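Chemist: Each chain, letter by letter, is given below.
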Amino acid sequence: MINPLDLTGRVILVTGASSGIGLATSILLSQLGARIVLVARNKDRLAAALPQLEGTGHRAESFDLATPEGVPGWLKALSAETGPISGLVHCAGAQVIRPLRVLTSQDIDVLLKLSVNAALMLAKGFRQKGVHSASGSIVLVSSVMGLVGAPGRSAYCASKSALNSMAKSLALELAPEGIRVNCVAPGFVRTPMLHEAEATLGSEQLRRVEEMHPLGFGDPRDVANAIMFLLADTSRWITGTTIVVDGGYTAH
Amino acid sequence: MTTYDFLRALEITLEIDPGSIAGNESLDDVGWWDSMAALTFMAVADEQLQVTISGEQLAKCKSVPDLLGLLGDKLTA
Numbered sequence: 011m012i013n014p015l016d017l018t019g020r021v022i023l024v025t026g027a028s029s030g031i032g033l034a035t036s037i038l039l040s041q042l043g044a045r046i047v048l049v050a051r052n053k054d055r056l057a058a059a060l061p062q063l064e065g066t067g068h069r070a071e072s073f074d075l076a077t078p079e080g081v082p083g084w085l086k087a088l089s090a091e092t093g094p095i096s097g098l099v100h101c102a103g104a105q106v107i108r109p110l111r112v113l114t115s116q117d118i119d120v121l122l123k124l125s126v127n128a129a130l131m132l133a134k135g136f137r138q139k140g141v142h143s144a145s146g147s148i149v150l151v152s153s154v155m156g157l158v159g160a161p162g163r164s165a166y167c168a169s170k171s172a173l174n175s176m177a178k179s180l181a182l183e184l185a186p187e188g189i190r191v192n193c194v195a196p197g198f199v200r201t202p203m204l205h206e207a208e209a210t211l212g213s214e215q216l217r218r219v220e221e222m223h224p225l226g227f228g229d230p231r232d233v234a235n236a237i238m239f240l241l242a243d244t245s246r247w248i249t250g251t252t253i254v255v256d257g258g259y260t261a262h
Numbered sequence: 062m063t064t065y066d067f068l069r070a071l072e073i074t075l076e077i078d079p080g081s082i083a084g085n086e087s088l089d090d091v092g093w094w095d096s097m098a099a100l101t102f103m104a105v106a107d108e109q110l111q112v113t114i115s116g117e118q119l120a121k122c123k124s125v126p127d128l129l130g131l132l133g134d135k136l137t138a
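Listed in order, the protein sequences are those of chains A and B.
Its first residue numbered 11, the first sequence is counted upward by one per residue in the numbering used here.
Its first residue numbered 62, the second sequence is counted upward by one per residue in the numbering used here.
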């Protein structure tokens, strides 16, 4: 019997790993045998996440991706300790729900740094000689908001759609180096970020958002399953694409 | 900040005529209150008064006095 999703012994780095999709992904990958490098800002939340993983050899790294300049050097030093990294999942992100008339340049900077700048610096760091394994896979977690629009979310949508297009260029640039690059675009998923959105929008408006998902809101595990597929050898001939995991949200 | 100054700042951000918010209107009777105006009110309250307002609180508001009530003692007469 074979398990085509087996990740035994592979080192996979996950940003935004202390909660939501990042944490669910880390747990699932650990159950498939991967050694996980959990990355997040908050050390306490990282410490709480680490025991939730299965198996051994995992580690937690506190790093603030809002200052992504140091990412390549950090990944170089990190891989010297972990060995070559086979997968990188960029889940870290923030959301801003603000009408254009109150949107500030600073709001945009925060979103783009954590989403776009960080993703590019992570890819730059990952591709360095000795950092990645012979076959590497990068998965960028974007959003259905990178495919469709919503009032008050123009900056957020821009930051997510940038990931979808970035993945195509990175896929072309990094294919000769044995690295695949793809995106997963989730619909609305029951995470702490969804609770933030509910606080802003109110439960009635959130109920209307859920009605736009024929299959209802997703769970973090639903997205983790797609990320898992893109990291495993099951997707070895897939690069430069975006897998939409949205309970039918964009089918309208 | 006075209630008067807050209402003027809200008018500017919502791009409605200066002085058009008297302060006692029902939200059903004004033409400028919608979901984007609600998000704008939250942003102005946060930036001008450092008051965080939830969507749930806003959903219960029926009038401008209800909105101002969310700002507590941050406003002076």
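Calculated from the structure, these hints are not laboratory results.
Some hints here could point you the wrong way.
[Unchecked claim] Partial pick of chain B residues on the chain A-facing surface, computed with a CB cut under 7 Å:
| no. | residue |
| --- | --- |
| 1 | E86 |
| 2 | L88 |
| 3 | L100 |
| 4 | T101 |
| 5 | A104 |
| 6 | A120 |
| 7 | S124 |
| 8 | P126 |
What you are looking at is a predicted structure, and each value in this text was computed from that prediction instead of being measured.
A virtual CB, placed ideally from N, CA and C, is assigned to each residue, including glycine.
Chemist: Against this structure, judge whether each hint is valid.
Modeler: Status of the hints after comparison with the structure:
The closest approach between the C-beta of E86 (chain B) and any C-beta of chain A is roughly 20 Å, which is over the 7 Å cut-off, so the hint fails. Taking 7 Å as the C-beta contact cut-off toward chain A, the hint placing L88 (chain B) at the interface is violated, the least distance being around 14 Å. With a least beta-carbon distance of about 5 Å to chain A, the hint placing L100 (chain B) at the interface is held under the 7 Å criterion. Hint status for T101 (chain B): holds, given a least beta-carbon distance of 5 Å to chain A, under 7 Å.
Using the Cβ-Cβ criterion of 7 Å, the hint placing A104 (chain B) at the interface with chain A is satisfied: the shortest such distance is roughly 4 Å. Hint on A120 (chain B) holds. Least Cβ distance to chain A is approximately 4 Å, under the 7 Å limit. With a cut of 7 Å, the hint placing S124 (chain B) at the interface with chain A is violated, because the nearest CB-to-CB distance is about 17 Å. This hint is violated: P126 (chain B) has a C-beta 20 Å from the nearest C-beta of chain A, more than the 7 Å allowed.
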